[in-house]
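Based on the provided sequences and hints, a complete structural model is requested.
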Amino acid sequence: EAGVTQFPSHSVIEKGQTVTLRCDPISGHDNLYWYRRVMGKEIKFLLHFVKESKQDESGMPNNRFLAERTGGTYSTLKVQPAELEDSGVYFCASSQHRKGVTEAFFGQGTRLTVV
Amino acid sequence: TQLLEQSPQFLSIQEGENLTVYCNSSSVFSSLQWYRQEPGEGPVLLVTVVTGGEVKKLKRLTFQFGDARKDSSLHITAAQPGDTGLYLCAGAWGNTPLVFGKGTRLSVIA
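Residue numbers (the numbering used here), protein chains in the order written: chain G, 1 to 115; chain L, 1001 to 1110.
No lab work stands behind these hints, which were simulated from the structure alone. Accuracy of the hints is not assured; some may be wrong.
Unchecked claim - Straight line, CA to CA, 20 angstroms or less: simulated SDA-like cross-link-like pairs of lysine to any residue:
no. : chain 1 : residue 1 : chain 2 : residue 2
1   : G       : 44        : L       : 1024
2   : G       : 44        : L       : 1036
3   : G       : 41        : L       : 1011
Here you go:
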């Protein structure tokens, strides 16, 4: 069974440009999460989809970030326009919840560098 | 304010030694996960604990969830160079998204 895959693995863009990250979850997983780790900090939650619906987007930093999951399969996270502080590693994770338990499987991450 | 505190932040030991890393919180979690992350990779789930006082073993790794479900520990027996990596704990309440600690970076020297 294929795991969670993310594309690209690395991206270097200039401040003000747009970047789109993609995540393909494990097949059949209804829940898809985006997380981010900035240097020196812990991994922080950004957004949670259940199928195609946004369940929780309380972690999204601001309106420069837009996440979509059309059709409830893969998801994209667009940053427009990118700022220096957006640099970090963006992780996608998916899960099928057991009752009362969140158990997520992560992709390898996309390392975003904004210069 | 960080919800999950992991200690130590860094640990360097010789092959064959034992070690324990800790994950502490003032909050109660309904489940807690331990992940291991290697450079360039995403976190890989090692174990999930859900019951206060629960102990789970994975080969040389022993995981314990505190009785009050606020803390957890990971004990590695006879560490090997292959155990090197970043160990992360993450907690959740019900089906809420995971809250992560900063991690313990372990280096096992041959």
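Violated hints - listed by number, lowest first: Of the numbered hints, all hold.
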